[in-house]
Amino acid sequence: MKFLLDDKKRSVLRIVLVALLALFGGLSVSAPAVADSVGEEYSATIFGNVKVEGEPVQGVRIIVDGGGYTAETVTDADGRWSIGVPEVRAYNVTLDENTLPEGIAVLEGGATQEVEFGLTDRVAKNFFIGEGERNETSLFDQIVSRFVYGINFGLMLGLAAVGVSLVFGTTGLSNFSHGEMVTFGAVAALIFGVGLQLPLFVAIPIAVALSAGLGWSLDAGLWRPLRKKGLGIVQLMIVSIGLSLTMRYVIQFVIGGGTEQLPGFDAPKMQLFGAVALSSTDLMSMGLSVVVIVAFAYWLLRTKTGKATRAISDNPDLAAASGIDVDRVIRIVWILAAALAGLAGVLWAYFRPGIKWDMGTQILLLIFAAVTLGGLGTAFGALIGALIVGVLVEMSGLIIPADLKYVGALVVLIVVLLVRPQGLLGRKQRIG
Amino acid sequence: MSSSKKPQKTTDIHIGDAVPGCKKKDPMVVIDHVKKSFGGLTAVDVEHLEIPSGVITALIGPNGAGKTTLFNLLTGFDTPDTGNWSFMGTSLSGVPSFKVAQMGQVRTFQLTKALSLLTVTDNMKLGAKGQNGESIFRALFPGFWKKQDEEIEAKAMELLKRFKLDAKKDDFAASLSGGQRKLLEMARALMTDPTLVMLDEPMAGVNPALTQSLLDHVISLKEDGMTVLFVEHDMHMVRHIADWVVVMAEGQVVAEGPPETVMKEQAVIDAYLGAHQETDLGEVTGRINIIKGEGK
Amino acid sequence: MDWGSILNNTLAGFLTPTTIAFALAALGLAMHFGFAGLLNFGIAGFMAIGGYGYAISVLTFGFPWWLGMLVGILGSVIFALILGIPTLRLRGDYLAIATIAAAEIARLLFLTTAFTDVTGSADGLFGFNTRPDGSGFQNSNPIPAGTYGFGPFTYNEQTLWVLLFGVIVLAVAVWFLWALMRSPWGRVIKGIREDEEAVRSLGKNVFAYKLQALVIGGVFGAMGGIVYTAAQNISPGVYVTSLTFFIWTSLLLGGAATIFGPVIGAVIFWVIQAFLSNVLPELATSGILPVSTTQASTLRFVLVGIGLMLLVIYRPQGIFGDKRELTFVK
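If you read the protein sequences in the order shown, they are chains A, B and C.
Numbers in my numbering are just positions in the first sequence, counted from 1, shifted up by 137.
Numbers in my numbering are just positions in the second sequence, counted from 1, shifted up by 16.
Numbers in my numbering are just positions in the third sequence, counted from 1, shifted up by 388.
Be aware that a few hints might be false.
What the hints assert, rightly or not - To give a feel for the contact side, a few chain C residues facing chain A, derived at Cβ under 7 Å: (1) Asp-481; (2) Leu-496; (3) Thr-501; (4) Phe-503; (5) Ala-510; (6) Phe-514; (7) Thr-686; (8) Val-690.
For the record, the hints were derived by calculation from the structure and aren't laboratory data.
Glycine included, C-beta positions come from ideal geometry on N, C-alpha and C.
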């Protein structure tokens, strides 16, 4: 990869690198603590944090029951608790108010509240306790908070969606194995950050670099030879499905069927405004996404290779005829798409929270929804589509049950394909 | 280029003067105020056009004139932005292409669509209309369609013989040469017993040895009572077999009439050759200094 | 290494309700993709609707088993219509994405706790094959109690009844597909697969044919789901996209555009799965493979993925297919 870095580009690169390092460093600051947990043999977990005026309360008894299963635990020195449950369904969580300090009680919702799982197999249940200054969460506050969470989710989806869109634009391939490229990044971060105990600001860049390497090897070892062989688009799509199966189960082979966590996943949520509560990890993720997206946008718009990528997406024959080395650009696109997917995987691991062998598969259709909505083949369309899908998924929780959050995005996907298959930013010829 | 038959030209086709949009004695297709734009570009803008029945009409014009777009509009493969057009008195507005075909129009394609993965015979049999066996429940029981299928096969064999493709009847269409595929497409179109046959550049990509045979077949379509409309660039073919010529340029009809007179019209010459056809191209572009002397 | 037991279990994989269910679903996919060229990646959705339609009719509405099965089939017809009418005009890979999304929506609707009274959500449904009022599938079992068969093909009367039923349904499906494809209707479908415009220009209503193909293939898929469900209980965790991918593998293995290919492909797929699920853990316990037994079980799915890739790259026509006939191969 040689592109001439003039002084202007060099200084931009420097700023980006410093920003990235700061954010990675920030992620590693939140010190992990081990919550008092029970039921670890189960894969689904309900967890929470008991605090009064920002101070953790130890020894508060929490009981979970539902579906014939019951378990209880007490909060640890950091006020944390975690209870494993055998199945993903609704449970009742009770906080034993007798174990709270004098004069403190649950302010809202009662001592027993219901919790439902959303997209993942981990869900948090926190009680508002204190001396009674808490306001009712108004609908407006809920909308705002869901919007913010949706943006957070959408930014992460966007990193993955951009890669899918670029690969489609330059090679015509609908890559069904992109979800596994996301999981790969998370797993790599797990191996280096937890397995080898490296600090996060080292482990995460390594994970991204390894993902980039994965992208390189996939294009070099599989996609380019198949392109040269002249395989049809449908055949390539089915190959990507086989690849998805292979990668998925190799990952399960390596990390097993359970859920692992990256350090700092349970950083305490800070009340920001209204009902919006984000942890330092959430803020770092959002910041990181924005920085990377801006850097990517710069690459796409300003550098020679970025422009070549857009040229190839527009008109591959013309691009090749005007001297662009199409194969080299496609190689770069795969490396970039994989690196972005790997980073998205790390962020997804914090958002879920948790790393599981099929975590990427879970969001593959959401990624396709984002890409289709924005316009297959356009990178900025994919970003916009991802933000819309992210917000839609979170907001739909206001109207439909939490475990159907996904359905909203899927319905949008189908509707877009019917009404405006070129998406928001795509051009009409691409479709029929 | 010549055919082995001498085509019997029909005259007395039009009413009044031979101008763009003139009425015909016996129109089969009537087009009114039809407009089609792509993005900002107007591809077709035809005030009035009537295609006469029972004769061979040629639709000519330079590249980009809108011929294929008009063709697609007439056959229902595209929809105009505005306008009315009718076939044998029935309005075709909003009618999908397969229904237009059922009404008696059939078209061929510039890039031949012989179905390579079917045999020649199957290609032919596909063309027949009103097949019982194509309805899903009757298809299950041969009793409903076997006899009809045999009749269709006999008709197909006759046509294949006429087009000299009978030796290839069990071969996959993929194994035919380009010219043979064109013949197959035309033969298959005839299986639909059409009233109007629309040929999109039938001579395109055909080697000279085959053009004679193709021309003969087009002439015999008229002799069998069908109306033919074809789009072509080949002026010899047009002069040789067309009874009527419609000239398009920049989306509009610029001239109409019998081939001999139409070719000489100033509007047609301008359309094909541009306004400077008497000036040396070098002079027009300013690269050559022509010294004005006698005789020039 | 207990080769005797491995061989026994492998051979048993030839004839199980799951094998028959796969064969039916693969036949449905052959209609969709092999013959009509429709990229349906939501076949698991059709199977789910068939199975749940049957189970819910019996449990919630008290229908007798055969009526419940008809409801399952009717459900799949409606699903095909709802799915097909808007999406059949979409280009290939777009249709693939739309069908996966539709199948996932179906699965999520069966999984959600919102409808748990009817669907059982994550727990699924039980006890609909044998009913206290005698209207269950097993209640109508004509086979006297006992064990039948020999060696690896030993069944009790319940499984035998399911197998008998399944084989009859499969035979009817095979005949149906064969009869259709050698008729003029089949000719039109094959033409559509290759070039819709050409077929339209000959006066055929292409959309109607594609919809018919979608409905028929969908009914086969639903029957696959029903046979699978008649053998045991039903749970949404089965009808994931991996199931669709495994059925695609079975189809491509046998030959996408053939009649017997999908059936044989499904049988071979299951025999190989049975073999691997027995051999691999044994190799692990006996130390030949340096992995744990859970890891060894995961390996067989890795092999399916690799197998699918090799299949579509090097022999996309499968065992019985004719490469010349395939439209998706360049």
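Against the structure, the hints come out as follows:
With a least beta-carbon distance of about 5 Å to chain A, the hint placing Asp-481(C) at the interface is held under the 7 Å criterion. A least Cβ separation of about 5 Å between Leu-496(C) and chain A falls short of the 7 Å threshold, and the interface hint therefore holds. Evaluation of the Thr-501(C) hint against chain A yields a held restraint, the C-beta minimum of about 5 Å falling below 7 Å. Of the supplied interface hints, the one on Phe-503(C) is violated, with its beta-carbon coming no nearer than about 9 Å to a beta-carbon of chain A, more than 7 Å.
For Ala-510(C), the interface hint holds, since its Cβ comes within 7 Å of a Cβ in chain A; the closest pair sits about 6 Å apart. Taking 7 Å as the C-beta cut-off, the interface hint given for Phe-514(C) is violated, the closest approach to chain A being about 15 Å. Against a cut-off of 7 Å between C-beta atoms, the interface hint on Thr-686(C) holds, since the closest Cβ of chain A lies about 5 Å away. Because the closest C-beta pair between Val-690(C) and chain A is about 4 Å apart, less than 7 Å, the hint holds.
Violation of the numbered hints given earlier is confined to hints 4 and 6; the remaining hints are satisfied by the structure.
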